[in-house]
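**Student:** Chain by chain, the residues:
2 protein chains.
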Amino acid sequence: MEKFERIERKLIAKGTIVDYYHDIIRVPNGNVVTWDFIGNKGAAAVIPVMEDGKIIMVRQYRNAIERETLEIPAGGLDFPGEPTKDAAVRELEEETGYKSDNIEFLISIKTTVAFCNENIDIYVAKNLMPSKQNLDEDEFIHVESYDVEELCKMIYEGKIEDSKTVAAIMSYKNKYL
Amino acid sequence: MEKFERIERKLIAKGTIVDYYHDIIRVPNGNVVTWDFIGNKGAAAVIPVMEDGKIIMVRQYRNAIERETLEIPAGGLDFPGEPTKDAAVRELEEETGYKSDNIEFLISIKTTVAFCNENIDIYVAKNLMPSKQNLDEDEFIHVESYDVEELCKMIYEGKIEDSKTVAAIMSYKNKYL
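Read top to bottom, the protein sequences are chains A and B. The first sequence lines up with residues 1 to 177 when you count with the numbering used here. The second sequence lines up with residues 1001 to 1177 when you count with the numbering used here.
Next up, chain A with everything else stripped away, as it sits in the complex:
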């Protein structure tokens, strides 16, 4: 590959879950350009599969896209480098009220590679056991469940658009069903 050299990464603003930078890059033709960079500590997500094969989903309002979404349970890492499986186990219980002793890695995704380093490791959780939902103070989540076929239909109909959820459900179906 051609050589890209990052000359400097300038912090422009610190946020709650992201930080915003200007990266000064020397591209292969020698030009020096400024590119946006959004730093994020990463996240974990989980496909909770019930005995009958239905998937537990969470419905919530998303300010960034000004509407509610239907997503697989997910959440940011507590600290950079936290094992993503630990985060997946925690978010499963906090958001849905289920625990699992059978959590298997499925895929990793980078949500938007043009400007952000966010990674989401996606797991499949089986053998779900009722526990207790424990939402953050400013988190408002409804728990629902759907057949995989229904979820696929909703993806093609535009009712599910969240990239981690689309990637997760389709990759799960392709591997296991």
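Think of the hints as simulated: they come from the structure by calculation, not from any bench. Be a bit skeptical, because a hint or two may be false.
[As the list claims (entries may be wrong)] 25 Å max Cα-Cα, derived PhoX-like pairs, lysine-lysine:
1) K173(A) - K153(A)
2) K1085(B) - K173(A)
3) K1173(B) - K54(A)
4) K175(A) - K85(A)
5) K99(A) - K175(A)
6) K85(A) - K1153(B)
7) K14(A) - K1014(B)
8) K14(A) - K1010(B)
9) K173(A) - K1173(B)
10) K1159(B) - K1085(B)
11) K1041(B) - K41(A)
12) K41(A) - K1159(B)
13) K1085(B) - K1010(B)
14) K159(A) - K1041(B)
15) K126(A) - K173(A)
Based on these hints, arrange chain B on the given structure of chain A.
**Tutor:** Here is chain B on its own, set in the frame of chain A:
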């Protein structure tokens, strides 16, 4: 759903392809919180399918994740509200050197709903006709082609992680193959 009220959206910094804001939100329990918001004008992506069923892919260096990626061709809209099909047609030709007169909508994704409004509309292009690659000055792209099965394998192996590419390839396979 519960009521979320956005009291203010404060522009913190303007970037090249994103803008960074602080959103002041009144959440349903009455608390007032500050959430990050990254504004982006959206993008289009395309799965170029050759006569023999192989998919044309682009390999490029991605500064945000500090490595090269294998992705479906894609690019930002030229202006907010540009029809995404026009952008898909343009990016197909510019990045791969192929034109198509048969482009069909597949799915839309929101890349990272926790803090960003980025939407990517994903199309399938068939009946590909050789034309001329026309890269931006600071764009360095290698064109390759793969069977769908190879691409799926690379997704499970972690060799393809880009969310639009994972969502696109899996959704294409599930619908058509």
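**Student:** Run every hint past the structure and note whether it holds.
**Tutor:** Hints, one by one, checked against the model:
no. : hint                : verdict
1   : K173(A) - K153(A)   : 13 Å, holds
2   : K1085(B) - K173(A)  : 28 Å, violated
3   : K1173(B) - K54(A)   : 22 Å, holds
4   : K175(A) - K85(A)    : 20 Å, holds
5   : K99(A) - K175(A)    : 23 Å, holds
6   : K85(A) - K1153(B)   : 22 Å, holds
7   : K14(A) - K1014(B)   : 14 Å, holds
8   : K14(A) - K1010(B)   : 14 Å, holds
9   : K173(A) - K1173(B)  : 11 Å, holds
10  : K1159(B) - K1085(B) : 28 Å, violated
11  : K1041(B) - K41(A)   : 24 Å, holds
12  : K41(A) - K1159(B)   : 21 Å, holds
13  : K1085(B) - K1010(B) : 32 Å, violated
14  : K159(A) - K1041(B)  : 21 Å, holds
15  : K126(A) - K173(A)   : 15 Å, holds
Hint compliance for this structure: hints 2, 10, 13 are not met, and every other hint is.
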